[in-house]
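Each protein sequence line maps, in turn, to chains A and B.
Under the working numbering, think of the first position of the first sequence as 195, with each following residue one higher.
Under the working numbering, think of the first position of the second sequence as 195, with each following residue one higher.
The hints are simulated quantities; they were obtained by calculation from the structure and are not laboratory data.
This structure is a prediction, so every number in the text was calculated from the model and none was measured.
Here a beta-carbon is modelled for each residue, glycine too, at the ideal position from N, C-alpha and C.
Heads up, a few of these hints could be off.
[To be verified] Listed below are several chain A residues computed to face chain B (Cβ distance under 7 angstroms; list not exhaustive):
(1) D237
(2) A243
(3) I250
(4) A254
(5) D295
(6) R315
(7) H334
(8) V377
(9) H430
(10) M462
(11) N479
(12) A495
(13) V496
(14) E498
Spelled out from the first residue to the last, the chains are:
2 protein chains.
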Amino acid sequence: MPGCGAVVGGLGEAGVLRVLERRFATVPAAGDWPEGTVGPGDDAAVVAAPDGRFVITTDAMAQDRDFRLRWPAEASRRGARADFAAGHATGWKAAAQNLSDVNAMGATPTGILLALTMPGRTPVAWVDGLAAGIAGAVRHLGARDCRVVGGDLGSDDRITLAITATGDLGGRPPVRRTLPRGVPADRPVDLVLCGHAGWSAAGLAVLDTPRAELLERLGAGGTGSSAAPAPGPGVHRLAALAAGRQWRPRPVLGSGRVAARAGALAMMDVSDGVLKDAGRLAAANGRRVELDPEWIRAEAAVLEPLARALGADAGDWVAAGGEDYGLLAVLPAGTPPPAGFRRIGRLLLGSPGAPDGVTGAPAGGGGWDHF
Amino acid sequence: MPGCGAVVGGLGEAGVLRVLERRFATVPAAGDWPEGTVGPGDDAAVVAAPDGRFVITTDAMAQDRDFRLRWPAEASRRGARADFAAGHATGWKAAAQNLSDVNAMGATPTGILLALTMPGRTPVAWVDGLAAGIAGAVRHLGARDCRVVGGDLGSDDRITLAITATGDLGGRPPVRRTLPRGVPADRPVDLVLCGHAGWSAAGLAVLDTPRAELLERLGAGGTGSSAAPAPGPGVHRLAALAAGRQWRPRPVLGSGRVAARAGALAMMDVSDGVLKDAGRLAAANGRRVELDPEWIRAEAAVLEPLARALGADAGDWVAAGGEDYGLLAVLPAGTPPPAGFRRIGRLLLGSPGAPDGVTGAPAGGGGWDHF
């Protein structure tokens, strides 16, 4: 392995590929390439599609927009270990958000492709971390049948990566954002969610706070100068958990299949925040969302001590915070939520009243828009 | 449509999507989404894979590395038409190189995904041109069954795009870079090529020459000060043709199927130059390449007047120039080349002697490496 401080410019393309391949060989399905399939290294890969169709999605991430090489809270860390950790978080998140999109169609992930452009000065440890993060997400999120099947390397002044993921529907119809045509326009429907909301946004707030200020706010170096009640010892653990969810979001793969079997009429994953994405789901069906204030309160209560310490609003995190990759599903009203899901509101008839078709949500941010 | 000088920051994400969708609706297959498939707008797309497998490839392109917003020879052009033309060339090339990879496995293109990150100041005309270029390549290169099935938009300080293409093998085995296991190590094999070589490199030289200097070199504003023989009138046409090949490379889709039927043992498309890619093909099989000097001379002869005017070596263009996206195929020695292919050399036993396993090639550049 290249030494500490090595950069990709010193390895050459073949050397970088070796670093990537070593990590990608650790995903569970990598040891078994079925007859007739082709992995990385050729003009293109060949992936099995037993269903006679495949699900496919792609996401691009740009340095300093969608990920960072360093976080303020981590500014004191330097060297290969910090580079590896930063790359790992980026790779994990890129893989997780694509696997989440595959899951949101009711499919099982089968393949990942990585298109990566980066400067020659990029630390090898960062690239190694990126690959380990991708492989780690595939492994730990339980994408047992998913292989890293291909990719592309290019040079650029800054790092950009685009991940494409594919999936298999196993003979079931895909569950879309729009309700099937047969559903009457006035049929009452519930909105259920698998996964938590607001944790990744809370983690972002933790990671965006400089380390010294963070420790003071969390009470470690606190001198009692703040007028707010001193946060309890649990707030440190909460901050670490939230940061972990921002670094390594954990979409529940398989939840799409579960919801589909339970009769989900429509599904969508939450990448830009419950407020915004539920609003999109409603708008796609000519409806509006009514979020259950009780759900927001209950979800926010857990994050409340951390929000108080950081001077933030936990309800805003829950309603507007993105990157938790929960799964929204629409069920006929009154259907008991399948295992892992909770009812968070309903879709009502009528055109969107509030922005993005949401009512019942707290005032505040409306999630993420690129332009 | 947005007015002249509009930028994507003024349109918002939904507005940019509308610009893209309008162009993507013009590809031949876009009017017909088979039952059970899903196009853009959901968490993921669903694409038919009648073969029970699919071919998939991805390529990333970064501004000022893999494409440019302006070329020196075009520096006098400004405004929406120039932006559209620059975007068109970028979109066409991005699509063409991915369709070429699908073709090189012996498959027929079925889908394209576009992941695009760009600044808010990007001209709408550039994005419109990009989409028109992608759709134009799909249409003009004859990818009749190929739809634009999905994508992702993000913001960044500069433009990066990653295109993913998928294909169907129609029940045939994929043709890989490596010879099938059953082929004896000492079996003599020929190397054949579909398409021309060197034209895109010649076009790059044309586009990289400032307009005034270019006109003088091509003889329009020439005062006879040059000692070289005056280039004939044909050299202008040659320059325009070459520039067209750099802007809009034309891989022959279907050539992969043709070669596979003719018994091709291995295939690979030429993206980084014949010298380099034939060397890779040879090295992947523990062989070395002997290029036919007669083929290089004949191929270079056509470009010779342009090379003389620009002070370049036509033989270098042919041997080392990339981005023509010809298709290299390996056939049992003596097999008549299938329609559209010419014999350009052979693969010989033994480890690579020259760099990249090539002998018989002129001295000079060795094609493109990213790091």
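Status of the hints after comparison with the structure:
no.: 1; hint: D237; result: 4 angstroms, holds
no.: 2; hint: A243; result: 4 angstroms, holds
no.: 3; hint: I250; result: 5 angstroms, holds
no.: 4; hint: A254; result: 4 angstroms, holds
no.: 5; hint: D295; result: 4 angstroms, holds
no.: 6; hint: R315; result: 11 angstroms, violated
no.: 7; hint: H334; result: 21 angstroms, violated
no.: 8; hint: V377; result: 17 angstroms, violated
no.: 9; hint: H430; result: 34 angstroms, violated
no.: 10; hint: M462; result: 6 angstroms, holds
no.: 11; hint: N479; result: 13 angstroms, violated
no.: 12; hint: A495; result: 30 angstroms, violated
no.: 13; hint: V496; result: 27 angstroms, violated
no.: 14; hint: E498; result: 31 angstroms, violated
Checked against the numbered hints above, the structure violates hints 6, 7, 8, 9, 11, 12, 13, 14; every other hint is satisfied.
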